[in-house]
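Participant: Listed below, chain by chain, are the residues.
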Amino acid sequence: MIDLGPHATFIIAAYAIVSLVTIGLVGVTISNVFRQARRLERLEAERKTGA
Amino acid sequence: MTDQSETISSNWFSQLAHPGMFMRWSAYLIWPLGLLSIVLFAVGLWFAFFHSPADYQMGETVRIMYVHVPNAWLSQFCYGLMAVSAVGTLVWRHPMADVSMKAAAPLGAAFTAMALVTGSLWGRPTWGTFWEWDGRMTSTLILFLIYLGLIALWRTFEDQLRAAKVVAVLTLVGAVNIPIIKFSVDWWNTLHQPSTFFRADGPKAPASIITPLLTMTLAFTVLFLLLHLLRMRTEVTKRKADRLEHLKIARQQKGA
Amino acid sequence: MRAFWALLVRDLKSASRAGGSLTTLLAFYLSLGVILPIAIGPDKPLLASLGPALIWTGVLLSSLLGLDRIFVADHEDGSLAAFRHSRLSLSTISFVKLIVHWLTTALPLIVLTPVMGVLLTIDLQTLLSVMLTLLLGTPAIAALSLVAAALSVSLKRGAVIAPILVMPLAIPAVIFGVGAAKPLLGAGQAETALLYLSAMSLVFVAFAPFAAALALRLSQE
Amino acid sequence: MNPSAKFPQITLNIKGLQCKRGERTVLAGLDLFAGSGTFVAIRGPNGAGKSTFLMAVAGLLPFSGEVSIALADWDYDEHPLHEQMLFVTHLNAIKPELTVRENLGFWADMVDGSRDRIGDALNAAGIGQLADVPAGAMSKGQQRRCSLARLLIADKPIWLLDEPTSALDKSGDKWIAGLISDQVRRGGLVLAATHRPIVPDDDINIFNLDLEPV
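Protein chains in written order, with the numbering used here: chain A, 1 to 51; chain B, 1 to 256; chain C, 1 to 221; chain D, 1 to 214.
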């Protein structure tokens, strides 16, 4: 890693937090996509059998 | 009162954005946006760390700017998008406008929070404290409060369809107030700190800083558009599922 | 016009008769006047210098207390639906509600401010300038409260959320209010702050009834 | 307008009225044509959309389809249409801390009625002697009578009544039936949603509108 100078800890902390939150956002968004898709499939299946 | 009838306008614009149509054409955008944002992040980070010199004034801490400025920009851009969606909900009665507004609010809050955290991490080595009541940072903090208010209002409504229009009104009221808040905070800032020799976004950035800054900003913006698209698709699916659930409950009541 | 006065008189009468909310409002304001000096400590010069800021914060917090009552009473007893067929448009009704809210909330607080001045050991000159800024600034806060109340009228838990919506939007009023009351950089700056404050109050009071009427119509659907 | 003058010719034309409350479709394609001198009795089980129908006609609820109301040679600028209607919901719109006279006086001012008819209205409603009592102190039935007395202090051609007889006793039912009969005889149009059937005088033209839950 290149020399980040005297304030390296703050630079690394900033990037760490940003990447953590960003990856968290991506993860939550994608998991929601699948969660709702599965929920819709389950309800549509029920409607076909139940109706 | 006389012949008051609501006909759904069927020009191509609302046709294109009809939930069913939206789900079809937006599916094609997911992978291109995803790949583009990964490439942009890779290039941006490479520039940020390996290919740009330290700033003669800020030193190495300028690299924090490469994540702070994009988030600060996105917190404004996202509110702008929500304001346009609010007008879409209230004025053009656009079917997807409230979905877009609801999908954008939490993202806006997250980007604003990141802007605040990176701003204070940048402030510590530069100003010596984690929080300096600097004009720009204070405005960003107030914007964060407005985002929280909007999300809270969304969640307090049970009936999401009615919530959409009411939240749209608050979004527009907020949009009108943001410039006033910015102006008053800057005025307040000059009151208490006659001059900070160092504005948060620094003097005119030399070329070597512009490229990483621009690439990272583009990367974050593309990521935001992708996440916004995905959240809109999730909201459409959720509303379809909710409707089926209502039918199931109604059927069960009739049956019981 | 007859209906305009009828609504104004009715609301003022029912507010004064069901006086409970007025006493809680003043009690809350006074208790702030007690807690803050206790928390800060009896250091008189410090309290005096913080005076205007504490009074403005106290007035803002107190006026947010009963803010959801503006429309909820009429919503729950069916008056709001009956207004639809009255001579007054929804925005005129909202304007009357704004006047009533200011008279029953901000005015009592301003009248009580001298007592706060005594508690915070403020000199007479500063006290008078604070009361002037309150007089000019509270209409803006009342206008914001009106819109927030209209937005949350049909919510079961609306009462909790309305203040949160008003707080960030009321910050400019507090900035110019305290700025005018306690000029750091001399009288010139107090004038500009007063001008901004009054301009903001005028604009907010002018637009709030229409925004509130729109919010009411939407949340009734 | 003295209390017995005739109303202008009214035409109410509803075509394909559809209403949704949140996710649920409550009214699906309802048609109704009614004119002056008619009493429309809206009947149906709970959840059939009686109140929703009245709120749609009163203009308090968005709907698709068409609701057109017209008054013969009427100056709509001078007297807007939405002011020619009185809508008594199942809520009484009364401030408990104000006296009965103050409440009715307020509504007289709001809907351009006349204050000096309050006395007769209260006597007709059977609560004449409670004029200066705080409304909150009265019983549910008396409060309902006070709310319905609003119909007598102003001359409006169209009445929309949601459960008018709720909380009323036998004599109250008879009073309401008489009230509606007079209004219809004057050429007014009354739309009332009720559980217990209202039996007006026999010369009154009744139109039964039965709603089914969707």
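None of these hints come from the bench; they were simulated from the model. Quick caveat: nothing in here was measured; it's all calculated off a predicted structure. Any given hint could turn out to be false.
Cross-link-like lysine to any residue pairs, in silico, SDA-like; alpha carbons within 25 Å at most [as the list claims (entries may be wrong)]:
| hint | chain 1 | residue 1 | chain 2 | residue 2 |
| --- | --- | --- | --- | --- |
| 1 | B | Lys165 | C | Ser89 |
| 2 | C | Lys156 | B | Pro19 |
| 3 | B | Lys165 | C | His75 |
| 4 | C | Lys156 | D | Lys20 |
| 5 | D | Lys140 | C | Gly20 |
| 6 | C | Lys156 | B | Gln160 |
| 7 | D | Lys20 | B | Trp92 |
| 8 | B | Lys165 | D | Ile204 |
| 9 | A | Lys48 | B | Pro19 |
| 10 | A | Lys48 | B | Asn189 |
| 11 | D | Lys15 | B | Arg93 |
| 12 | B | Lys165 | D | Ser64 |
| 13 | B | Lys165 | C | Val205 |
| 14 | B | Lys254 | D | Thr194 |
| 15 | D | Lys20 | B | Gln253 |
| 16 | B | Lys238 | A | Gln36 |
| 17 | D | Lys20 | B | Asn189 |
| 18 | C | Lys156 | D | Gln129 |
| 19 | C | Lys156 | B | Ala250 |
| 20 | C | Lys13 | D | Ala137 |
| 21 | B | Lys238 | D | Arg21 |
| 22 | B | Lys248 | A | Thr49 |
| 23 | C | Lys13 | D | Thr194 |
| 24 | D | Lys20 | C | Arg217 |
| 25 | B | Lys248 | D | Arg21 |
| 26 | B | Lys182 | B | Thr129 |
| 27 | A | Lys48 | B | Lys165 |
| 28 | B | Lys240 | D | Thr194 |
| 29 | C | Lys182 | B | Asn189 |
| 30 | C | Lys182 | B | Asp186 |
Participant: Hints first: check each against the structure and report whether it holds.
Facilitator: Right, here's what the structure says about each hint:
1. Lys165(B) to Ser89(C): 20 Å, holds
2. Lys156(C) to Pro19(B): The hint is violated at about 30 Å.
3. Lys165(B) to His75(C): 19 Å, holds
4. Lys156(C) to Lys20(D): 21 Å, holds
5. Lys140(D) to Gly20(C): Holds. Lys140(D) to Gly20(C) sits at ~24 Å (cutoff 25 Å).
6. Lys156(C) to Gln160(B): 14 Å, holds
7. Lys20(D) to Trp92(B): 20 Å, holds
8. Lys165(B) to Ile204(D): 44 Å, violated
9. Lys48(A) to Pro19(B): 22 Å, holds
10. Lys48(A) to Asn189(B): 63 Å, violated
11. Lys15(D) to Arg93(B): Distance ~23 Å between Lys15(D) and Arg93(B) Cα, so the pair holds.
12. Lys165(B) to Ser64(D): Holds: Lys165(B) and Ser64(D) sit about 18 Å apart, inside 25 Å.
13. Lys165(B) to Val205(C): 22 Å, holds
14. Lys254(B) to Thr194(D): 23 Å, holds
15. Lys20(D) to Gln253(B): With a Cα-Cα distance of about 19 Å, the restraint between Lys20(D) and Gln253(B) holds, given a limit of 25 Å.
16. Lys238(B) to Gln36(A): 6 Å, holds
17. Lys20(D) to Asn189(B): 51 Å, violated
18. Lys156(C) to Gln129(D): The given pair, whose Cα atoms are some 38 Å apart, is violated under the 25 Å limit.
19. Lys156(C) to Ala250(B): Holds - the C-alpha atoms of Ala250(B) and Lys156(C) are around 24 Å apart, at most 25 Å.
20. Lys13(C) to Ala137(D): Holds, at about 17 Å.
21. Lys238(B) to Arg21(D): Satisfied, since the Cα-Cα distance of roughly 19 Å is no more than 25 Å.
22. Lys248(B) to Thr49(A): At roughly 12 Å apart (the allowed maximum being 25 Å), Thr49(A) and Lys248(B) satisfy the hint.
23. Lys13(C) to Thr194(D): 35 Å, violated
24. Lys20(D) to Arg217(C): The hint holds at about 16 Å.
25. Lys248(B) to Arg21(D): This hinted pair holds, its Cα atoms lying about 17 Å apart.
26. Lys182(B) to Thr129(B): 22 Å, holds
27. Lys48(A) to Lys165(B): 34 Å, violated
28. Lys240(B) to Thr194(D): This hinted pair is violated, its Cα atoms lying about 36 Å apart.
29. Lys182(C) to Asn189(B): With Cα atoms ~15 Å apart, Lys182(C) and Asn189(B) stay inside 25 Å; holds.
30. Lys182(C) to Asp186(B): 18 Å, holds
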